[in-house]
Structure formats: C-alpha cells, structure tokens
Amino acid sequence: MSAAAVSGLRPSQPAVTATGTTTGSDATLLPDAAPLGMSGLDDALSLLYLSMAQEGQHSLQTGESRVQTAEKQQQKALGDEQAAQQREQANEANHGRGLFSSVGHLVGDVAGDLTHGHVIRAAKDAASDVNAAVNSPAFWNDLEQGALVVAKVSAVVGSAVITTASFGAGAGSIVAAAFVLSAGGEVISDTGCLGKQSGLIGGGLEVAGAVTGLAAGFGATGLTAASKVGLGIGAAFTGLGGEAETVAGGAHVVNQGFAANVESASADAQRAIDQNGELQQMIGWVLDDLKASDKSTKRAEQSVQDAIQGSDQATAAASASISVKG
Amino acid sequence: MTAISTTQELRSATYPSGELAASSADAGATPPLPDPLSALLLSGDPGAELAALAVQSGERQETTAQTSRDIEQKIEVDEDGQQVAAMEKKADDIRSAGILEGAGMAAEGVASVVGGCLDSRQLGDAIGHGGKAADGAATLGAAFPKAEAARDDANAAAAKSAADQARGAAEDLHDAKKSASDFISAALDFYREYTSAQASAQSAALHRA
Numbered sequence: 000m001s002a003a004a005v006s007g008l009r010p011s012q013p014a015v016t017a018t019g020t021t022t023g024s025d026a027t028l029l030p031d032a033a034p035l036g037m038s039g040l041d042d043a044l045s046l047l048y049l050s051m052a053q054e055g056q057h058s059l060q061t062g063e064s065r066v067q068t069a070e071k072q073q074q075k076a077l078g079d080e081q082a083a084q085q086r087e088q089a090n091e092a093n094h095g096r097g098l099f100s101s102v103g104h105l106v107g108d109v110a111g112d113l114t115h116g117h118v119i120r121a122a123k124d125a126a127s128d129v130n131a132a133v134n135s136p137a138f139w140n141d142l143e144q145g146a147l148v149v150a151k152v153s154a155v156v157g158s159a160v161i162t163t164a165s166f167g168a169g170a171g172s173i174v175a176a177a178f179v180l181s182a183g184g185e186v187i188s189d190t191g192c193l194g195k196q197s198g199l200i201g202g203g204l205e206v207a208g209a210v211t212g213l214a215a216g217f218g219a220t221g222l223t224a225a226s227k228v229g230l231g232i233g234a235a236f237t238g239l240g241g242e243a244e245t246v247a248g249g250a251h252v253v254n255q256g257f258a259a260n261v262e263s264a265s266a267d268a269q270r271a272i273d274q275n276g277e278l279q280q281m282i283g284w285v286l287d288d289l290k291a292s293d294k295s296t297k298r299a300e301q302s303v304q305d306a307i308q309g310s311d312q313a314t315a316a317a318s319a320s321i322s323v324k325g
Numbered sequence: 000m001t002a003i004s005t006t007q008e009l010r011s012a013t014y015p016s017g018e019l020a021a022s023s024a025d026a027g028a029t030p031p032l033p034d035p036l037s038a039l040l041l042s043g044d045p046g047a048e049l050a051a052l053a054v055q056s057g058e059r060q061e062t063t064a065q066t067s068r069d070i071e072q073k074i075e076v077d078e079d080g081q082q083v084a085a086m087e088k089k090a091d092d093i094r095s096a097g098i099l100e101g102a103g104m105a106a107e108g109v110a111s112v113v114g115g116c117l118d119s120r121q122l123g124d125a126i127g128h129g130g131k132a133a134d135g136a137a138t139l140g141a142a143f144p145k146a147e148a149a150r151d152d153a154n155a156a157a158a159k160s161a162a163d164q165a166r167g168a169a170e171d172l173h174d175a176k177k178s179a180s181d182f183i184s185a186a187l188d189f190y191r192e193y194t195s196a197q198a199s200a201q202s203a204a205l206h207r208a
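The listed protein sequences correspond, in order, to chains A and B. Just so we're aligned: 214 in numbering that gives the first Met the number 0 is position 215 of the first sequence, and the numbers increase by one with no gaps anywhere. Just so we're aligned: 59 in numbering that gives the first Met the number 0 is position 60 of the second sequence, and the numbers increase by one with no gaps anywhere.
No wet-lab data here; the hints were simulated from the structure. Predicted model only: the values in this text are computed from it and were never measured. Cβ coordinates follow ideal geometry from the N, Cα and C atoms, glycine included. There's no promise every hint is true.
Distance condition first, Cα-Cα at most 25 angstroms in a straight line; then the derived DSS-like pairs of lysine-lysine [as the list claims (entries may be wrong)]: (1) 177/B <-> 290/A; (2) 131/B <-> 151/A; (3) 145/B <-> 88/B; (4) 297/A <-> 177/B; (5) 177/B <-> 294/A; (6) 73/B <-> 75/A.
Examples of chain A residues toward chain B, derived with CB under 7 angstroms [to be verified]: (7) 96; (8) 251; (9) 252; (10) 255; (11) 262; (12) 275.
When you get a sec, could you build the whole thing from the sequences and use the hints?
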C-alpha cells in the first residue's frame, strides 16, 4: 500500500468514526476504510498510521470539548461577576433616593393620585415608594445622619433648658451663653467647617460651654413656676433626642447591613474573577497541549509515511532487481 | 528503522495495535514487548543511546514540571478561596459590629426617653447614665469585630499575594513543561537525522559493493 492511499485517512479529510467508516456528504475516490484488521488495511504500517490518525482526531475533539466547556463556564462566571458588581453598587451608601427625596416622592405621588381621585392607585404608589425607600441605602444613610443631628441638638437644647430652669431665671443668660458655646462646638466638630483645627476648636467651645454652665449653677435661685415649665420643655427635648438616637441606632444597623452586603458582593465578584482567571489559564494550557499533541501526531504520521514510502521503494527496487536478473 | 517523534509514538511503533498500546498503560499490566526506550538504551548504538537518554530526561522533566504546575495551580485555587473567605468573614464582622453599635445607640436613646419621662430626677438620671454605659459597652464590644474586619483585610491581601505567586509559578512551570517537550522533540530530530545519515551511509556502501 502506498503512502498516498493512506493519506486519504488524514484528520483533515472526512473524519473516521469509531467503526472505521467515513462520515460527511462528500464521496471520496478511495474505498471506505475497513475496520482494523480487515483485508482492506492489512499492512502493519498502514494500521499504525490509521491508529495515529484516529488518536490525533480523538485528542483534538477532547481538547475542543474541554475548551468549549471552559468557555461556557467563563461566560457564566462573567455573568456572576456582573451580577455581583450590580449588587455591590445597589448596596452602596449613596445609591437610591435619599430621605428628603423619598419623602418628597411619596408625598408627590400620593397627592397627585388623590388629586385625580385615584385612591387605590395612591395606596399602591405609597406602598411602592415606601418599599423603594426601605431598600434604598441612601435613605437609611440620610436617616441615620439626620437622626444623629436631631439627637445631639435635642440633647444639648434639652440639657440647657433643664439647667436654666433648675438654676433660675437669674442664670438664664449665662446658661444661654453656655448653650451657644456647646452647640457651636458640636456643630464645628461635626461639620469640620474650620478645617483641620475644627476638632480642637469644637472641643474647646464645648469645654467652655460646660464651664459656663457650671458657673451658672452658682448663680442659681429657687424653682419658680416658669422653671417648672422649663423643666417640662427640657424633658421633652431630651425625650426627642432619645427617640432620634433610637432611630439612628436602628438606621445604623441597617446601614451596616448594607455595608456588609457590599463586602459580600465584592467577595462574590472576586470569586467570579478568580474563576474566570483560572479558566482562562486552563484554556491556554489546553491549547498549548493541543498544539504540542498535534505537532507530535503530525511528526509521527510523517515518520510512518516515510517508512511506507521507504518500504514501497525497497519493494520496487527488489522487483526491478528480480526482473533485471530474470 | 522509522524515525520516531515522541516516546508515545515510540511505544505506538512498538505496539502497532491500539489495543496493545492502551493495555500497556493500564496499571499493573506488564507489556509483552520490552520498553522501546530501554531497548534503545541497551542497543549499543551511541546515537540511539544518546537520543534515548535525552528523551528519558526530557520526559522526566516534563512530568515533574506538569506535577509541580498542577500543585501550584491547586495552591492558587486554594489561596483564591481563602481570599474570598476572608472577604466574606469581613462582611459578617461589619454586620456584627453594626448590630452592636446600633443596639448601644438604641439602648441609650430608649434610656434617655424613659429617664425623661420619670418624675424622679435621680432615677431618670440613673437610667440615662445606664443608657450611656450600655452604649459605651456596645461600642467597646463592637471594637472586636471591627478589629477582626481589619484582620480579615490583611488575610485577604496575604491570600491574594500568595495566589498571585502561585499563579506566576504555575505559568513558569508550564513554560518549563513546554521547554521539556521541545527538548524531547530536539532529541528525536537528532535521532531522525542520525538514522537517516546511517541509512545513507549503508546505502552508499551497498552501491559500492
């Protein structure tokens, strides 16, 4: 058998199936490859060649299959990464409507619906807006910040009013000064409006306010009816501050929950990125291995072809020698 | 002698039947024919012996590089997993710290409201101070998960660094594997040329005779 005849079974030609028959619609000039060991291919080198061709084809198909599977997994990982990044953004503190925007939206929607006489729609819109606000990190962030400001201001005002009422009207002006100093210090500390020195200046003012308040105590006189009313007002402010702080506490829990969700989503995104990288690496390695395997198979096939040609030439030379001698 | 490309092809040449070649790979199966590499090594032909030695050495390098590469890849995957685990733990720590701090603030607020509602100034103050103490304790308690969160950050960074190192090492080992494969190819090319030269010399001698 010649090498040319065998070359019809190369992987680039119609694929040889496991049973040894060719597939594809193109009719070949060569007869169908018979199963190994049949009379059609009884030459050992040809059998070897066919076996190598089949093995090479099989390796290629296996490699292709692995790459395709990895690519599908990569697409899934990419989708997971995008979903995680969206989740991360959705839980960021500045995402969604803030407190005032949420309230304004709710009031606007409900008022608009009621104006047009759509009561059910107003209820639905209200429920939808409330749900959006509850799921909005910006809403909770604003709520916490706002509640904290209210709590601090209420606590300071309540304390000042109670002190004024307790110490009597004579010390009122001093207590007012103490209040202004304390509140001013608090605002400067919180806002940082005076740059790097804000903390220091704010702290100094608060201390000054406390000292002034203490000084007012020395000028205190007995409780009057006005003082009792003042005490009630002070207690109301203190109560308001307490409520605001409770709200701030609840909002803080929710906000930290959002922050934890951001971190969790970031972990999911990182997992998807890692998986993508590992798959990319694996695909690169599989392709490298396929190239090496293909190179090796071609080299082996070439070797067998050379051997077949050598064998044919030797046979031809022997025949020629016999005929010349004959 | 047919020029042979790799040790697998060498074995294929020795075991023409695919079944035989497959069966030789089975664990514990003893091939009926001698190992071709050993046969070449013991052939007495210096060129064949050199080629066989080079192929053997290349094969060993290739196997070692692949094994090490797989180990490094496993390390990379493990470290990536640890990085993600550290990030998830950080998320839990943030949540825990937030709950503690929020509970402390709420406790202080509730105490403030309750204290303000009482007629007894002393009792009200006591409750108010109790609320502040609760807030302080909660803040103190929240410091532990916060510290853990910072530690988780450090762990995640360390795991990422280790994963990157393992990835680099795996890539290097993959290159080493390719180099070993190229070395085997070079050895087989050498053997092909060697046998071809030998055949030409023998042919020329025959013609002269």
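- Message: Taking the earlier hints as the rules, which of them does this structure contradict?
- Response: 7, 12
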